[in-house]
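2 protein chains.
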Amino acid sequence: MRAEKKSKSNFQLKTPKGTRDYNEKEMAVRQDLFNTITKVFQRHGGVTIDTPVFEMRDILSGKYGEDSKLIYDLADQGGEDCSLRYDLTVPFARYLAMQGKKDAQQMKRYQIAKVYRRDQPIMTKGRLREFYQCDFDIAGAYDAMIPDAEILKILSDTMDAVNIPFHIKLNHRQILDGIFEVCGVPQQQIRSISAAVDKLDKLPWEDVKKEMVHEKGLSEDAADRIGAYVQLAKDTPSLLEHLQQDQMLMAHEGAVKGLADVKLLLEYLEIFNVRDRVKLDLSLARGLDYYTGIIYEAITDKSEGVGSIAAGGRYDNLVGMFSGTNKAGKPKTIPCVGVSIGVERVFSILMSRRNINDIKSNATQVYVISVGDGLLKERMELVQELWDAGINASFTLKNKPKLEKQWLACEKEQIPFAVIVGKDEIESGQVRIKDMRSKNSDQGGGVVLDRKDMISELKKKVADSSLYC
Amino acid sequence: MRAEKKSKSNFQLKTPKGTRDYNEKEMAVRQDLFNTITKVFQRHGGVTIDTPVFEMRDILSGKYGEDSKLIYDLADQGGEDCSLRYDLTVPFARYLAMQGKKDAQQMKRYQIAKVYRRDQPIMTKGRLREFYQCDFDIAGAYDAMIPDAEILKILSDTMDAVNIPFHIKLNHRQILDGIFEVCGVPQQQIRSISAAVDKLDKLPWEDVKKEMVHEKGLSEDAADRIGAYVQLAKDTPSLLEHLQQDQMLMAHEGAVKGLADVKLLLEYLEIFNVRDRVKLDLSLARGLDYYTGIIYEAITDKSEGVGSIAAGGRYDNLVGMFSGTNKAGKPKTIPCVGVSIGVERVFSILMSRRNINDIKSNATQVYVISVGDGLLKERMELVQELWDAGINASFTLKNKPKLEKQWLACEKEQIPFAVIVGKDEIESGQVRIKDMRSKNSDQGGGVVLDRKDMISELKKKVADSSLYC
Chain A
1 MRAEKKSKSN
11 FQLKTPKGTR
21 DYNEKEMAVR
31 QDLFNTITKV
41 FQRHGGVTID
51 TPVFEMRDIL
61 SGKYGEDSKL
71 IYDLADQGGE
81 DCSLRYDLTV
91 PFARYLAMQG
101 KKDAQQMKRY
111 QIAKVYRRDQ
121 PIMTKGRLRE
131 FYQCDFDIAG
141 AYDAMIPDAE
151 ILKILSDTMD
161 AVNIPFHIKL
171 NHRQILDGIF
181 EVCGVPQQQI
191 RSISAAVDKL
201 DKLPWEDVKK
211 EMVHEKGLSE
221 DAADRIGAYV
231 QLAKDTPSLL
241 EHLQQDQMLM
251 AHEGAVKGLA
261 DVKLLLEYLE
271 IFNVRDRVKL
281 DLSLARGLDY
291 YTGIIYEAIT
301 DKSEGVGSIA
311 AGGRYDNLVG
321 MFSGTNKAGK
331 PKTIPCVGVS
341 IGVERVFSIL
351 MSRRNINDIK
361 SNATQVYVIS
371 VGDGLLKERM
381 ELVQELWDAG
391 INASFTLKNK
401 PKLEKQWLAC
411 EKEQIPFAVI
421 VGKDEIESGQ
431 VRIKDMRSKN
441 SDQGGGVVLD
451 RKDMISELKK
461 KVADSSLYC
Chain B
1 MRAEKKSKSN
11 FQLKTPKGTR
21 DYNEKEMAVR
31 QDLFNTITKV
41 FQRHGGVTID
51 TPVFEMRDIL
61 SGKYGEDSKL
71 IYDLADQGGE
81 DCSLRYDLTV
91 PFARYLAMQG
101 KKDAQQMKRY
111 QIAKVYRRDQ
121 PIMTKGRLRE
131 FYQCDFDIAG
141 AYDAMIPDAE
151 ILKILSDTMD
161 AVNIPFHIKL
171 NHRQILDGIF
181 EVCGVPQQQI
191 RSISAAVDKL
201 DKLPWEDVKK
211 EMVHEKGLSE
221 DAADRIGAYV
231 QLAKDTPSLL
241 EHLQQDQMLM
251 AHEGAVKGLA
261 DVKLLLEYLE
271 IFNVRDRVKL
281 DLSLARGLDY
291 YTGIIYEAIT
301 DKSEGVGSIA
311 AGGRYDNLVG
321 MFSGTNKAGK
331 PKTIPCVGVS
341 IGVERVFSIL
351 MSRRNINDIK
361 SNATQVYVIS
371 VGDGLLKERM
381 ELVQELWDAG
391 INASFTLKNK
401 PKLEKQWLAC
411 EKEQIPFAVI
421 VGKDEIESGQ
431 VRIKDMRSKN
441 SDQGGGVVLD
451 RKDMISELKK
461 KVADSSLYC
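From first to last, the protein sequence lines are chains A and B.
Mapping to UniProt numbering: the first sequence position 467 is 467, numbers consecutive.
Mapping to UniProt numbering: the second sequence position 129 is 129, numbers consecutive.
Source of the hints: derived by calculation from the structure; they are not laboratory data.
Note that the structure is predicted; figures quoted are calculated from it, not measured.
Do not rely on the hints blindly, as some may be mistaken.
No copy is singled out in the list; a pair is fine if it fits within one copy or between any two copies.
What the hints assert, rightly or not - Straight line, CA to CA, 35 Å or less: simulated DSBU-like cross-link-like pairs of lysine-lysine:
| id | residue 1 | residue 2 |
| --- | --- | --- |
| 1 | K412 | K332 |
| 2 | K69 | K17 |
| 3 | K257 | K461 |
| 4 | K460 | K360 |
| 5 | K257 | K423 |
| 6 | K377 | K257 |
| 7 | K114 | K125 |
| 8 | K459 | K360 |
| 9 | K14 | K69 |
| 10 | K125 | K202 |
| 11 | K400 | K216 |
Please build the complete structure, drawing on both the sequences and the hints.
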């Protein structure tokens, strides 16, 4: 209890496996990105909530299929069993289930926050164990495909805001499940066969078929029939036409409903100017168990390297898994549809577009510099005056800093304006203001003006010049 | 592996002990608070970094004295031993130690992020196990008390920005340690006796003395001599004068250095207009082990209930605990001074000033409403046009919403403007715009204007009206 042990034999100076620090330049880009995305989310009426980083372990269990093994647990230190959140969707569903009030059952909520997965990290590819997710979800019982259309519009507006070209692969769980049933997949195997189909973006059909037949015990005939569907390479109108003429499939109630959903969605997306970016793709399956309606994935176009950049879908039953049943014995669920922006990939793309040296990480507008004898108190008085006027200002925190070092600091921190004082200026009640970005040599050491005009002059200059960030 | 178990016998629908959700109205206030504080931090040249939520366990051990037992550990799932961060200061010191480059050793960094403590939660008082810390630290070898003065200025500017009256209790670890030594406290007991003194804001002197003598085995004589110092009730100039005439204390090198620091700091604070808010208080000790120079605590004035609202100090040796020694065998440390704003208390105070119903949680500016036949596609076309123009707009996500429900949604979400269309407006190529906040009855159903003028008119209106949030 008394003196604590100071002896620290050996420790590793590092962050835990799969995690990393972000320095001030990376954070400037990241904050800018979060602000850009938040603006799009707010344009669509989004509000944000916050949930804890860890949840009761039982809340997370049975939601992630095969990936549940990647969940981080907290140690048993007495008390409840808790785990770090694996995504933001399950906590959001838990949150909704806990809101008793009727009017809390409609919500456009966004959340940008960290999640945790004990996956094998690939640091060079940006696959980390701690990473940000960035979700927009619309909860509430609305009319078919209207919220779904707005979600895809939000996805599209977000990608446009960060200037990343993309297209969207779209499918529908009820069409997919209809296909599986029509092809003869037993009911209890549907999710497992669906997980195999989901690998088609990485594996050739032969390998996926092998997994279905040899690992999962599906008949070769059923697998071939699935293959015929998921390998259909047609444009969206032709594919819709083709499916509608498929009498077997059109005898399946779910598939008919799914097809109607897709057609209605495409109509709405036409109005929202998103239609051209969407392609129906029967091979898209998505790994997560909880989807019940449309599912989709946005892929970057070639210029940014091909890869998934956003994804989501409709999950009408997840909230019901938490909120129990009503008097009639039916689950009190809240229908939801959402999108998750792959914000870490967007961040990587934005970083790769920048020269790290050009990134301004501070918001400082003015640097106060003394020529000659230190003049600490005079510099302090000047920054104090600037701060009080709401101007972002800094100075060298030394008694007698060398002039050269002050210039260097001003330049290194990319501060647009310098206020310079020396003995002369102080005696004449003046200051010198220099625009640091001007290479114009005839400006020389800046312009001299009366001390009392400093603030108004700087406010004008700062307003005129957008900070180069 | 195949079908996952769906049977979920029983689970508790709650967040873990000591944690809570924040709804959209609380988050609107919280985001606003974070923005306000960030602006102050940026005015002072701050940049931000990010570190992982969990650290290698050895990084945290031996830093928090008796409170180390409150650290959350991650479960052993194979691999490294990790723990959730307990504060932002130790991870920042670890971060600095990992930056090899010379120019990374000067930094004004702020961080607003969650930390974790397995303390006994008191939810009603806002003492939680997961909570935000909000820190500003200046790292780097500068001249005495210049960064310290700016840190106290930042504290002061932050409190002013959120309009919370406060005063600052100031002390210096070297003065305090000098007093302990002069009073006869054995070297190895100094931190432990210091921890007892730290309780003087909650306990009367008699109880603190009892702890020193009976629990910690200090002589009654030494305790009484300490009591004479820490109970000195004098204004700051008199107290400084008193200490300077204390020959015993003035023979202690550290105390003399500490006193010189305090005097210099007060001079600088005079320039920064903070001097009047600071009072030297020898009973302030601060619990954490790592402080080496000034320590301080800001207390709210009576109007907001008396309590600590910010605190910090100088810690010159913490980075050295991570960065090892140089060729001469001396620790390669980086001197630091910082402040931690009690942002959760500030948040509670701000919430208590607001009527929760008046808080606008969205940023929506325009609600599109149809009169009569649903007009879904027309409403969609209108929001699409608004979104494309960068206007935050919403509509009811239903085919044929009742007029009354649309008004209600617009009102409940405190959206300032409504765009209204009916059959008539569509036929005549017009829309109706209504200022929802105007109680002026002669405005009636709003003003009618040509559809092509809608965007420019709304942009003007939106710019004129600050969103009431």
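Against the structure, the hints:
In this assembly of identical chains, K412 and K332 lie within 35 Å of each other by CA distance solely across copies; the values are 24 Å between and 59 Å within a copy. Taking the closest pair of Cα atoms, K69 and K17 come within 35 Å of each other both inside a single copy (17 Å) and across two copies (24 Å). Neither within a single protomer nor between protomers do K257 and K461 lie at most 35 Å apart by alpha-carbon distance, with minima of 61 Å and 44 Å respectively. Taking CA atoms no more than 35 Å apart as the test, K460 paired with K360 passes in both settings, with 21 Å inside one copy and 33 Å between copies.
For the identical chains of this complex, K257 and K423 are inter-copy neighbours only, at 31 Å across copies versus 82 Å inside a copy, given an alpha-carbon limit of 35 Å. In this homomeric assembly, K377 and K257 come within 35 Å of each other (Cα to Cα) only across copies, at 22 Å, whereas the closest approach inside a single copy is 76 Å. For the homomeric pair K114 and K125, the shortest alpha-carbon distances inside one copy (18 Å) and between copies (27 Å) are both at most 35 Å. Within a single copy, K459 and K360 get their C-alpha atoms as close as 20 Å, and across copies as close as 31 Å, so both meet the 35 Å cut-off.
Proximity of K14 and K69 under a CA criterion of 35 Å is satisfied in both settings, with 25 Å inside one chain copy and 23 Å between copies. In the homo-oligomer, the alpha carbons of K125 and K202 lie at most 35 Å apart inside one protomer (16 Å), although the nearest pairing across protomers, at 53 Å, exceeds that limit. In the homo-oligomer, the alpha carbons of K400 and K216 never lie at most 35 Å apart, since the shortest distance is 76 Å inside one protomer and 47 Å across protomers.
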